[in-house]
Each structure stands twice: as C-alpha cells, then as structure tokens.
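A.B. asks: Next come the chains, spelled out residue by residue.
There are 2 protein chains.
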Amino acid sequence: MSKLIGNLIFGQSGGPTSVINASAAGVFTEALKNDCIPKVYGAAYGIRGILEEKFYDMTMEDPKELELLKTTPSSALGSVRYKLADPDVDDTDYRRILEVFKKYDIRYFFYNGGNDSMDTCNKISKFMQKAGYECRVMGVPKTIDNDLYGTDHCPGYASAAKYVATSTMEVYHDARVYDTPMVCVLEVMGRNGGWLTAATALAAYKGAGPDLIYLPELVFDMDKFIEDSKRIYEKNNHKLIVAVSEGVKDKNGKYISEYASDLALTKDSFGHAQLGGTGAVLADVLKRELGCKTRAIEFSLLQRCAAHWASKTDVEEAFTAGQKAVQYAVEGTTDHMVAYERSEKNGKYFCNYVLVNLSDVANTEKKIPREWITPDGTGLTQDFIDYALPLIEGESSPPIVDGLPRFAKLKKVLATK
Amino acid sequence: MSKLIGNLIFGQSGGPTSVINASAAGVFTEALKNDCIPKVYGAAYGIRGILEEKFYDMTMEDPKELELLKTTPSSALGSVRYKLADPDVDDTDYRRILEVFKKYDIRYFFYNGGNDSMDTCNKISKFMQKAGYECRVMGVPKTIDNDLYGTDHCPGYASAAKYVATSTMEVYHDARVYDTPMVCVLEVMGRNGGWLTAATALAAYKGAGPDLIYLPELVFDMDKFIEDSKRIYEKNNHKLIVAVSEGVKDKNGKYISEYASDLALTKDSFGHAQLGGTGAVLADVLKRELGCKTRAIEFSLLQRCAAHWASKTDVEEAFTAGQKAVQYAVEGTTDHMVAYERSEKNGKYFCNYVLVNLSDVANTEKKIPREWITPDGTGLTQDFIDYALPLIEGESSPPIVDGLPRFAKLKKVLATK
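Same order as they appear, the protein sequences are chains A and B.
Heads up: take any position in the first sequence, counting from 1, add 7, and you land on the numbering used here.
Heads up: take any position in the second sequence, counting from 1, add 7, and you land on the numbering used here.
Excised from the complex, chain A in its bound form:
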C-alpha cells in the first residue's frame, strides 16, 4: 500500500485501567519516531477533545515522562463516555470531526477503549471512507471487563485480575483471623461479563479464595444463594467468603443491587437497615439468614487503577498493542482493531498481535463460556484457570520515590489552533 504522510491523533475512551496509558506510551513512542507522522496529538477527553479542537501536542512532552506513562494508571489524556449518533440520522459530529481532521491534516486516528469506543471508532472509520478522506483508523483494545470480541483477552484485564486475586487471597487470610463466625462478600466490577469476578477463582485455586462465585453470565437465584451459603457456612465451621459481580440479575432481569430499597423497608435483627451495592445487599441478606455479623468489601475503583501491582505481561502487551497499531497503520492497515491471539512458544504462553475488523468488534460482548463455569454455577473450571494464569504473570510497578509511586506528569501543551 501507498505511504501515507500525515499527523496522528490518539484518544482514550471509557473507564480507565492500570494499563491504558501503557498503550498510549506504545502509540506515542512509536509514532514519534516515524517519518510518516510529523505531528502526534493526544485528544483531551477522547472524542470530545477532537470535537472541541482540544488536543495536546505530544512532541512537546519529555520522552522520560512518556516512558513513565507505561506504569501510570488511569487515562493521562482524560477519557469520555460519548456515544456518537447514527450518521444516517445525524452526521453533525462526523462532519465536525472531518473538518478537524482536515484542518490538522490528521491521517492517523487511533482510539483506545472497549465496546462502545470501538463502535465510535468504527463509525468514524466508515464515515471517513464514505467521505473519501484518506485516514487510517485503528482501534486499540482496552477494558478490565475483558469482554471485547475477536481478541483472546483485553489490555487492562490481567492487571485488574491480578489485583483482585491477590487482594482476595489477603482478605481470605485476614478474615479468618478470629475463631468466630466470618462471612464476607466481595463485590467485583463487571456489569455484563463476569471475567473479573472469575479472577477470584485464581485465589481459590491457590487455596485462599471464595467458596461461592456468582457471575452475571447466569441468572442469580436468591433462594439458591441462601441455600448454598447456609450449607457452606455450616460445613466450614461458620466461615464463608462469597464473590459476586456487581451486575448479577434475577430471573426478571432486576439487578440484585436494586434489592437495596426493598431491604430498606425492613430492619435486620440488630435493628439496622444496611444498604449499598450488590455486595452490601448480599451481606445484608446473609446477616439476616445466618444470624451473624457479615461484611461486604467492594474493590471499587481500586481494582482498575492498582498500577503498583499490575501484571507485567499485561503492561508489556498493552504497550506493544499501541506500537503495533502504529506499525500496522503505517504499513497500510485501516478500519481494524489490534487484537491478541494466544499462541505457544517453546511450550510457553505467547501473544501474537493480529487484526480484527472494527465492524466485527463494535458492540459485541464476549462472555465467559458456560463450560468454564462449574455445573452448579458457583465456581470456575480448570479451563478458566489455565486461561487466566499466564496473563497475570510478572509484577509491574512504577518507579518509587520516597516509598511512593512516581507517576507520569505530562505538560499537556494544547496544539495551536
């Protein structure tokens, strides 16, 4: 394919992860050394930065700080949740993007995100094609939810999984410290896919994990949950750890977190109404049913930003995914997302960087295969363990100053209009 000379803009979109900036580092360092790309821009707050003509000139950044992005959590450029309209209904945003691309001679547009972001990326790609504007559009995957179609796993997932599994092991030890009843419900992120909650099974595999795991892939049955819990609580000398995805729903499609307002109407035996998210609801139910103190622990934002305990495999792969996106695009690829293909080299896990059509990725969710969930629906099989273990291999943390992480500090010099 022909050599395309022009500027590059990269945007981060959707919920952040520990390694989304590692992909940014990959894109920026690779693009900055490429002759085809005179200017490299970072969009402030994703697609909104492009619409508002607010983007940073990455050539102005200290290369050392760009390198530090590799171990800096969150989205250094700022992220956004912005859904583009169907261009056949309203093409205002698309025309504006085209205008900005022309003005800044953007010939490489890269977007980093999950399902919704790949939909945005796909729509822009198709619009540019239709408009006859030559622009290489590449998706760079990202999501702790691990639910993107066409890739073996997603950048960000492994680091969150490593953190969740490690913290679960630690809580397992801590929670067993007294010779008294102990019931603990761990709430893990994941609205539709249970991949991250499943990572608690890695702790169980190491003998220090939950007794019961509930995923949004299956309908949540409160009666069965109570029955399962009671059985294990009695069998295990009044110890029980449950892990649950925030997104579990009952057979009517009602989120378990929504049970909170029903529970608020009644009081427990201690005379308190205790509410909160999914974990808090289940902890409250178990308090009533088992008649003992229970505790809900929500990993909350911590699980997606714990760069101090990231997977080295994940960080390296996320960085490489960014590099590969640039390399593929410069070589002529457009309208694709970089994806991971699992392979083996000398009997060991190895990752290939392949391409998937953006149209195929957009808005398709990948869930945990039913056969990886135990028949009774409360655990993961060895297939899942074998899938996940290589991904969490190796420890990555930022450089440390005064015993604390040194994260990247960007100058964020706005590109001149």
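To be clear, the hints were calculated from the coordinates, so they are not data collected in a lab.
Only a predicted model underlies this, so the values are computations on that prediction, with no experimental measurement involved.
Certain hints may be false.
The list treats identical chains as one, so a pair stands whether inside a single copy or across any two.
Taking lysine to aspartate or glutamate pairs in the EDC-like style, the calculated list, with each CA pair at most 20 Å apart, reads [stated by the list, open to error]:
#1 Lys90 / Asp186
#2 Lys319 / Glu402
#3 Lys294 / Glu265
#4 Lys10 / Glu296
#5 Lys213 / Glu72
#6 Lys300 / Asp235
#7 Lys213 / Asp409
#8 Lys416 / Asp186
#9 Lys213 / Asp393
#10 Lys418 / Asp186
Assemble chain B onto chain A, guided by the hints.
C.D. replies: Structure of chain B alone, referenced to chain A:
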C-alpha cells in the same frame, strides 16, 4: 541476671496487620536457636489458646515456612479479642494460665498486640510476679492504628500507611478521568486515632491526595464539612476528594456513621436512601448538598492485609522487634514491651529497639499531636510528612508463584497435653 531455662509461648492478639507474622517469625527463629528455650509454642487464638491448652509446637514447622511468615499477612496462629478480668475481682483465668505455664514449663511469655493486648500482657506479668512464678513476660507491639504509648511508631502502621497512600494516589488519578463533576470520600480505619487516615496526606504531599482530611482527634462539624467541601468543589472545577477516619464524632460524641439511620428516613434527589459507614454517610450528604453523583470508597480489610505492597522498613522492624524481645528476655528483661526509638545514622532515619514498662503502655492511647494538624483541622503539617515518610521506605512483597503471592503454610501440630 540469672540464666532462665524454660519454654516459650507466643500469642497474637487483636486486629491483624500485614506484618504481625513478621514479628512472629522474629520471635520463633530467634527462640528456636536459643539454648535456654527447649520448646517454642505458638498459642492458637492468643490468650484463649493458653486457657484452652491449645497451642502449636513450632519446632515441628519447616524453617522455610517460618521464614515465609515474614511476608504473610494476618495472624498465622489466629488472633483473639479477649479482655481479662481485674485479677482482684476474678482471678480464675490467671490461675488457669499459671497452671498451664507450670504444666508446660513456660518461662517466656510473649504477647503481640495493641493497647488491649498490652493490658492483658501487663496483667499476666503482674500476676506471675505476685504468684512468685518466674516467667519473663514481654510485649511485642502491633497495630495499624499506631496509637501505642512509648514507641515512636507501631509495627503494622507503616505498611498500612504505604498501602493507603499509594491507593489514594491511584484513586486520585482514576477519579479525575472524566471532565465531569467528581466527588469521592475515602474511609480509612481508625476509631480513636487518625494516624492511618493521616497517611492520605502523603499522597497529597505527592500532589495526588485528598483536598480535605478529617481525623477523630478533632470534633467533626457537619456544617463546616459541607462549607469546606462546597468551597473546594467550586474552586477545583467540581473535583473533590475527602479522606475520613471511620471514627470521627460530632460534638455530642455521636459517630458520624450513626447518622446513617437519620439519613435513611429521608431520600435524596434521586429517590434513593444510601447508607453505610462514615464514608458512605458523608458521600450521601455531599450528593444532597452538591447535587452530583458521589462515591464512597472504604479501604476495609484491604488496608491492613496488603502484604503485596508492605513497607520493607516496617517488615524488617517488625521482625527485629520479635528477635529483640527474645534477646532481651533471655538477657533477663521481663515486664516490658519492645519499643521503637527514632534515631539518625549518617543523617538518615534509624530505629533503636528500646524497652517500655508494660504498666505504662497498657491502655494508653497516643494521638496525633494537635500541632501536626493544620490550624483549620483538614490537613497535616510537614512535621507529620517528615515523621511518616521514612517509615514507608522500601517495598516488601511475598515470593510470587504463578503471578500470585506464596504465603506461609504452617502444619500447626498441636502440642501434646
């Protein structure tokens, strides 16, 4: 002093930390190589294990596993919250303990814990003296609360502080990812002392911490809190991070967490009643006052068991404290707690291991000096930063297998009765 030959028993008491087992490792490895101490026992669940004659024969353990205790969180022997009666009122437990000590020829009794545990240790020490039974009683300090009298700081504090400060920095980055209003309340452990909550000031010192910090050392004034929050929220482009100790109270001595039931009676503008601990209450108040989505993050058990990100300084000191307790006792000391004395060597922080009378330590709580809290009561001064930074120096984590921690696995062979 005379050489005392006899067996040693060590117990862990109170809430666990990331390094309580490091002190156990120090005691066990030092005692096991000492000729004066033929048998080394570990009490199951602290003082209860002694009362019930349930303790483990530590000579049966694999030395490699004892070494691994150094990086294993929680209390490997099991802990307990058990308050001994005043011996003048009821000496049943004390007589039982004396009986067990005689039966097993226990001449070294070491107890690892915080204020209450040092009280237990002190009472037993005095009883043994009164009974004329020669037994060297030593306290080994421990508490993430950092509130023990007579020691510069407490084993366990620094690791929890390092984790809290690091996680706060990570959350700071994550929470700022969107260009939308963001209000986040971090709830940190500490009923009476704010030492651990103050650790969030280390994150602020690094430019990525809370805007407001509320400690139980000062009366919590809800009106002032709302006023402070509104001011910063407006000034900081609708971004606000608050850190609060779980134990803050209003001027009537009512815990802020107890406000939950009052709030439950009313609904917020979204029609939800949202409850929980101190952080959740404040997040709920701010949601109503600022009219935006707010989030409470509770570090919960995670903050006291995160051995994957412990302070190397803390781990080494906790281990040495255990060793020193054995050395001091063998040399003739009894009725004391090992304490940390801050010193300097070549212009750098250095820790001396000194002795404090158990009577002085028992039940005395050390709080943050008022002059280390900023005049407006919502921050910490440079004095606190200078105090805390050397303590969190260095990173300690357990050996890693398959990308996950390998914690100690004890055989726990019960001593034959």
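A.B. asks: Now, for every hint given, state plainly whether the structure supports it.
C.D. replies: We went through each hint and held it up to the structure:
1. Lys90 / Asp186: between (52 Å within a copy, 15 Å between copies)
2. Lys319 / Glu402: Close inside one copy (5 Å) and across copies (17 Å); limit 20 Å.
3. Lys294 / Glu265: Both, since 18 Å and 19 Å are each at most 20 Å.
4. Lys10 / Glu296: neither (68 Å within a copy, 57 Å between copies)
5. Lys213 / Glu72: between (37 Å within a copy, 16 Å between copies)
6. Lys300 / Asp235: within (18 Å within a copy, 35 Å between copies)
7. Lys213 / Asp409: between (33 Å within a copy, 10 Å between copies)
8. Lys416 / Asp186: Between copies, since 18 Å is at most 20 Å while 48 Å is not.
9. Lys213 / Asp393: within (13 Å within a copy, 40 Å between copies)
10. Lys418 / Asp186: So lysine 418 and aspartate 186 pass the 20 Å test across copies only (18 Å; inside, 54 Å).
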